[in-house]
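There are 2 protein chains.
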Amino acid sequence: MNKFDLNSYLSSKRKQIDNALGVIIENYSKDSKIKTAMEYSLMSSGKRLRPILCIAAAETVGSHLDDTMRAACAIEMIHTYSLIHDDLPAMDNDNLRRGQPTCHIQFDEATAILAGDALLTLAFEILSSVESADKDHAFNRLRAIHTIAMAAGCKGMIEGQMQDIAAEGNVLGLEDLKKMHRLKTGALIEASVIAGTILVNGNRDQIKKLKNYARNIGLAFQITDDILNVEGDPDIMGKDVGTDQARGKSTYPSILGMEKSKIFVKKLVNDALKVLDYFDNKADPLRAIAHYIVDRNK
Amino acid sequence: MNKFDLNSYLSSKRKQIDNALGVIIENYSKDSKIKTAMEYSLMSSGKRLRPILCIAAAETVGSHLDDTMRAACAIEMIHTYSLIHDDLPAMDNDNLRRGQPTCHIQFDEATAILAGDALLTLAFEILSSVESADKDHAFNRLRAIHTIAMAAGCKGMIEGQMQDIAAEGNVLGLEDLKKMHRLKTGALIEASVIAGTILVNGNRDQIKKLKNYARNIGLAFQITDDILNVEGDPDIMGKDVGTDQARGKSTYPSILGMEKSKIFVKKLVNDALKVLDYFDNKADPLRAIAHYIVDRNK
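Here the protein sequences line up with chains U and E, keeping their order.
If you use our numbering, the first sequence corresponds to residues 4 to 301, in order.
If you use our numbering, the second sequence corresponds to residues 4 to 301, in order.
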């Protein structure tokens with residue numbers, strides 16, 4: 004471990020991201036029920052892991068631009084929309100999220116569906132916003148949009164959610180579980196890092212390395228989620244625990260056992276750290292985040 | 004009316020659009036339940052009005068490019084996603100669409116929600132696809148994405164759907180009804196025309212004129228929908244009629260009366276045609292479409 008102070012890094016980034024998200028909601032929507040619902044879910048206290056990864060990747064490779072923050076916010080909006088829709092009665096039917104009633108409980112189902120749709124759409128509106136884009140930069144913007152859309156879509160996150168629903172009550176093999184996680188949570192985590200790198204004009208090698216880093220921590224993140232669903236404190240986490248077992252969901256702890264799951268997470272984090280050897284100390288935030296992913300309690 | 008043969012124009016464009024949509028679904032998704040559901044709703048026999056408008060606007064102003072077809076397809080995907088979500092039990096709870104069971108009836112609610120999400124996301128994946136984009140063209144692509152996202156989002160189509168749901172059972176004034184229609188269906192119709200124009204590098208005047216055209220036919224289209232919901236033949240339309248009245252929805256016929264509604268539609272079409280005087284005979288498809296919008300029986 005190095006002397007880099009992750010806690011102050013995370014809290015300063017979170018504040019910047021929350022501010023930027025607040026400005027976006029204020030400027031890009033008008034007062035209405037849909038805005039209230041979007042704001043309710045988006046501005047609840049999330050970890051902001053994906054936008055922080057986007058920014059930290061950009062800072063590893065180049066200098067931070069307005070574009071990076073815009074992409075970071077767009078990714079958080081996409082993440083939030085996916086939570087709103089996953090929580091719906093027709094899907095996971097969850098009542099609690101980030102320590103507060105889920106969107107369809109707080110409002111109603113129709114509003115929750117539309118608030119999710121609106122956040123997804125707003126993400127692309129932000130990503131394509133051209134007020135400040137010079138023409139040279141437009142090509143990278145398109146590449147970033149494409150990366151994010153691919154990760155969020157029917158070959159990424161959405162397919163992962165489909166597989167997750169289909170798997171409920173069935174016992175999965177380890178490979179199927181890994182594949183499902185890679186789609187459901189891994190794809191957008193990878194896209195966060197890649198989009199951040201593209202937007203500061205990162206080269207092919209840098210993108211490849213950081214993608215590899217993201218793949219490892221993405222899976223580590225998901226397994227840690229599985230572990231916290233068994234061992235976590237619901238008051239700290241702001242959501243129920245024990246739900247995976249109650250639903251008969253296959254998880255790493257249920258397949259590998261708790262001990263082996265924890266060992267596997269450590270291996271993934273070490274692999275992620277090894278990839279970062281390619282970069283200088285500007286990658287320290289990414290290094291510290293890799294540790295944080297497994298040490299977190301929520 | 005001119006000698007332009009609209010029927011063969013529409014059927015040839017529909018065939019091209021259907022082919023392009025088929026190729027996109029084939030190339031951009033992998034075999035899975037979500038793909039089957041996306042394909043089911045997307046490839047059903049729609050009018051393809053929005054993509055045809057996108058192409059016809061592009062042809063009015065410049066020469067047709069691959070980009071135009073891509074944008075046309077993306078807009079049809081966004082339109083289809085909005086239908087899938089609007090039909091859900093939590094919203095309009097419709098069983099029939101385009102002559103076949105709605106997506107959640109054919110599959111299930113979770114699949115319908117995710118298929119809608121996936122079509123919306125795929126639209127932006129297609130729009131940002133960079134394989135063929137040269138760098139000069141990227142800036143216009145971004146502008147088109149932004150136009151479409153704005154129209155589809157929480158200040159456009161989604162806000163319109165929210166207002167539509169809120170209005171059910173209440174009597175609306177004419178101005179509120181017009182505003183709701185403008186958002187719910189008008190915004191995406193306008194965006195179709197504007198995106199087509201932007202992508203062939205249309206200038207500010209051309210965009211302004213065509214936007215004005217689209218605004219008029221967009222409202223005319225919606226009022227005609229209201230009229231067909233009273234007078235239409237469900238077998239021809241492939242959906243139920245009389246549903247607006249049954250739900251206590253305010254419509255142009257219910258507020259203005261049938262006769263005045265028909266007169267208003269004709270005025271809107273005439274206004275749209277007048278705007279097109281600015282263009283030469285390359286605007287003939289748009290002229291013919293303005294007539295078609297009011298003369299259609301489905």
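Mixed in with the good hints, there may be bad ones.
One copy or two, it doesn't matter: identical chains are merged, so the pair holds either way.
Stated by the list, open to error - Dumping the calculated DSSO-like pairs for lysine-lysine here, alpha-carbon to alpha-carbon at most 27 Å:
1. 33 with 211
2. 36 with 270
3. 263 with 301
4. 211 with 36
5. 138 with 211
Everything labelled a hint here was simulated from the structure, so no lab data went into it.
Each hint, compared with the structure:
1. 33 with 211: between (40 Å within a copy, 24 Å between copies)
2. 36 with 270: Neither way: residue 36 and residue 270 sit 46 Å apart in one copy and 34 Å across, limit 27 Å.
3. 263 with 301: within (20 Å within a copy, 61 Å between copies)
4. 211 with 36: neither (42 Å within a copy, 31 Å between copies)
5. 138 with 211: both (26 Å within a copy, 23 Å between copies)
The structure fails hints 2, 4 (numbered hints given earlier, in ascending order).
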